[in-house]
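The lines below spell out each chain.
Protein chains: 2
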Amino acid sequence: MTTTPTGDQALIKRINTAIVLETILRGAPLSRAQISERSGLNKATVSSLVQDLIDGSLVREIGTGISSGGRKPVMLEFIANAGHTIGLDLGVNYIRGVLSDLRGSAIAERTLSLNRLEPEPVIAELFRCIDALLSEAPPSSYGIAGIGVGVPGLVDESGSVLFAPNLKWRGVPLRRVLSDRYGLPVTIDNEANAGALGEQIFGAGRRIDNLVYVSVGIGIGTGLILHKNLYKGASGFSGEMGHLSVDAFGKPCSCGNRGCWEMYASERALLEKAAPLGIEDLDSLLAAAEAGREEVLALLEEIGEFLGIGIANIVNVFNPDAVIIGNRMSQARPWIETSLRRTVVQRTLGFHLRNVQLLFAELGARSAMMGAAQMAIAGFFDRLKASL
Amino acid sequence: MTTTPTGDQALIKRINTAIVLETILRGAPLSRAQISERSGLNKATVSSLVQDLIDGSLVREIGTGISSGGRKPVMLEFIANAGHTIGLDLGVNYIRGVLSDLRGSAIAERTLSLNRLEPEPVIAELFRCIDALLSEAPPSSYGIAGIGVGVPGLVDESGSVLFAPNLKWRGVPLRRVLSDRYGLPVTIDNEANAGALGEQIFGAGRRIDNLVYVSVGIGIGTGLILHKNLYKGASGFSGEMGHLSVDAFGKPCSCGNRGCWEMYASERALLEKAAPLGIEDLDSLLAAAEAGREEVLALLEEIGEFLGIGIANIVNVFNPDAVIIGNRMSQARPWIETSLRRTVVQRTLGFHLRNVQLLFAELGARSAMMGAAQMAIAGFFDRLKASL
DNA sequence: TTAGTTTGTCTATCCAATAAACTAAGTTAC
DNA sequence: GTAACTTAGTTTATTGGATAGACAAACTAA
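Residue numbers (the working numbering), protein chains in the order written: chain A, 2 to 389; chain H, 2 to 389.
These aren't lab readings, by the way, just hints derived from the structure by calculation. The beta carbon of each residue, even a glycine, is placed where N, CA and C say it ideally should be. Please note that a few of the clues may not be correct.
[What the hints assert, rightly or not] Computed, partial: chain H to chain A, Cβ under 10 Å: (1) 13; (2) 123; (3) 261; (4) 307; (5) 314.
Work the whole structure out from these sequences, hints included.
Right under this line is the structure:
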């Protein structure tokens with residue numbers, strides 16, 4: 002019960018092997034000598050651990066490097082295609098999937114649209130998408146290392162979708178369904194968490210330790226990366242900052258609260274206001290903005306302000322290094338950025354004391370999908386570290 | 002630069018020594034055999050590490066226990082008075098100090114009131130309080146292990162008070178001042194963080210891994226304990242949830258934002274509303290409530306509702322196991338609890354799915370002081386683990 | 001008294017990291 | 001073109017912790 006994992010020699014070896022592997026992942030190509038220097042491990046130790054990694058098909062020698070006055074170094078690199086993963090972004094009316102290698106480079110992508118919401122047909126499409134991607138996977142030592150999925154809703158620790166309002170799902174055991182069919186490790190998480198991870202690893206958030214990703218789509222979801230790690234609430238779910246109330250006695254929200262942020266700053270809120278202007282969807286709205294239609298520009302400025310109001314709250318609470326605006330609304334950047342930035346500066350306690358960057362997603366619509374692939378990759382490495 | 006601490010035998014020993022010590026701290030009195038069983042470490046290993054702890058004056062044998070059919074076990078316990086710490090709660094018009102042993106048992110306490118706010122006189126009083134407590138400390142192996150202080154403001158990683166609005170302090174290097182004078186390790190943190198720690202270790206939050214402590218005094222501060230650890234924002238400060246805006250276009254707050262929570266739910270907000278009734282301070286207000294004065298009861302019910310509005314936001318964002326209401330307003334429990342609880346239930350997304358407990362501080366006004374002592378104790382153990 | 005049990009220590013062994021010596025394979029100066 | 005120097009990577013002997021198993025000590029039960 003209280004059995005903490007104890008320290009023994011195997012633990013040391015695991016720790017040091019992980020250090021060597023991570024050093025290579027970060028700095029490849031590297032020689033054994035460079036790894037020794039960077040990691041602080043003895044040359045002999047590095048040699049031995051590198052040999053294990055080579056035996057495990059995770060690292061390979063790629064020939065000699067240039068000499069600096071002595072024997073030429075043998076350069077090493079991580080074998081990115083030692084395995085592959087599948088990343089999926091399950092949206093309300095689309096599925097995006099990617100087959101990637103273990104560094105996250107995309108090998109194949111698929112997008113398909115959904116016209117039904119019920120779990121059965123959606124899962125059938127999910128299977129089709131995965132099957133198609135699997136058929137493109139080249140043979141490799143580790144094969145398919147895992148599947149990651151981002152979904153627009155609350156996910157618990159067992160990988161069940163507790164509640165996805167826009168899909169009208171409740172209690173769908175997605176992880177079990179997928180791992181039963183494919184016999185692979187499956188990671189399920191909120192779409193905003195996946196997006197946060199995608200931007201942190203591959204996009205606007207590289208090298209930023211603490212960031213908040215705000216996914217502005219039909220609703221608003223948020224993914225938090227604190228001290229380089231995805232933060233999950235106590236029970237393993239979070240990302241509900243769309244339901245932060247910004248107007249305690251405002252419009253009632255379906256969640257039970259009143260004046261929730263996403264009722265003022267989401268795509269849905271924007272389109273409701275645009276309806277009287279005869280605009281039905283985001284694309285035509287952005288086209289109208291492009292054309293300089295003034296009522297539309299005013300609407301977008303207002304959305305920027307409301308986004309800023311919620312972001313100021315988030316900054317006050319979490320004090321992150323960056324906030325990244327992602328998902329569909331990031332396309333509206335040219336017309337919302339000014340009012341958004343102004344509002345955040347006005348409303349953030351001691352803003353000048355902070356170094357908060359306001360950024361927009363670099364991966365655009367691919368953030369969540371790439372983040373889902375990264376979830377699977379991270380799962381692979383976690384299992385690896387635990388095993389050797 | 003990228004030098005991660007590498008794994009060697011000393012690391013193993015540190016890890017296992019910490020396991021043994023923690024096993025004793027949690028379950029004392031224990032025999033070596035019991036420690037071996039609970040920790041999973043070999044009997045011989047435990048014997049050797051226990052001997053080190055005995056040599057280090059951290060553990061002692063306290064005679065034999067009862068036999069269960071064989072040789073009698075030698076029982077061990079942690080030497081709580083191997084050292085002492087000082088915990089201080091620096092309030093706006095008071096200082097509370099405690100001298101405690103390494104388990105957090107109070108040996109002596111002092112409370113004194115302040116009538117000036119400037120750093121110099123306050124620090125002079127702080128010195129007096131510390132000196133008085135120090136003079137009561139019995140001799141011990143480790144002496145005074147450290148000083149912990151909770152302050153009503155923003156504290157950075159270097160232990161400087163960046164900004165304490167109610168004290169009107171800016172940039173006071175409190176840690177340096179104290180460690181220069183006493184030559185001891187000093188930990189400075191926000192008063193709400195200290196209170197959260199105090200309640201988690203000694204009060205209503207025992208055995209709760211994830212909790213939010215809401216310190217409702219003149220303003221509102223919050224301390225977050227996530228996965229058993231105090232959460233600090235990216236730059237080492239947080240606790241600003243009093244400035245979560247609950248009414249985007251409400252009253253302007255001195256922080257720059259509008260409609261901040263603490264403008265509606267704090268002691269100051271309550272007293273402003275009570276002023277027309279001729280009530281000037283919290284004590285007389287509570288007395289009036291006790292006497293059943295209806296206008297006062299209505300005011301308190303309203304405060305309960307506003308507290309609930311902010312707490313619902315916090316629950317939606319952090320999804321903690323418990324929320325603890327602390328500081329002065331916790332005295333108003335009988336008159337605010339009903340409306341508070343109702344509001345939180347109404348406004349929390351999927352409240353029925355959660356297991357959030359709403360609690361009131363058990364340590365009352367002593368939460369922050371005891372938490373400050375705990376900060377010093379934790380610092381002592383951290384340094385210990387790093388050294389051996 | 002005897003047999004069995006539990007506690008705690010002792011001993012031999014294992015294993016990973018390490019320093020230092022060593023081999024291999026280059027460069028540079030003249 | 002050779003001698004002197006450099007750097008890369010391996011080999012060897014040593015160190016230090018954890019461990020299993022043997023053991024002694026101290027007890028209970030019958």
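* To do: Return the numbers of the hints above that this structure violates; sort them in rising order.
  => Violated hint (a single one): 2; every other hint is consistent with the structure.
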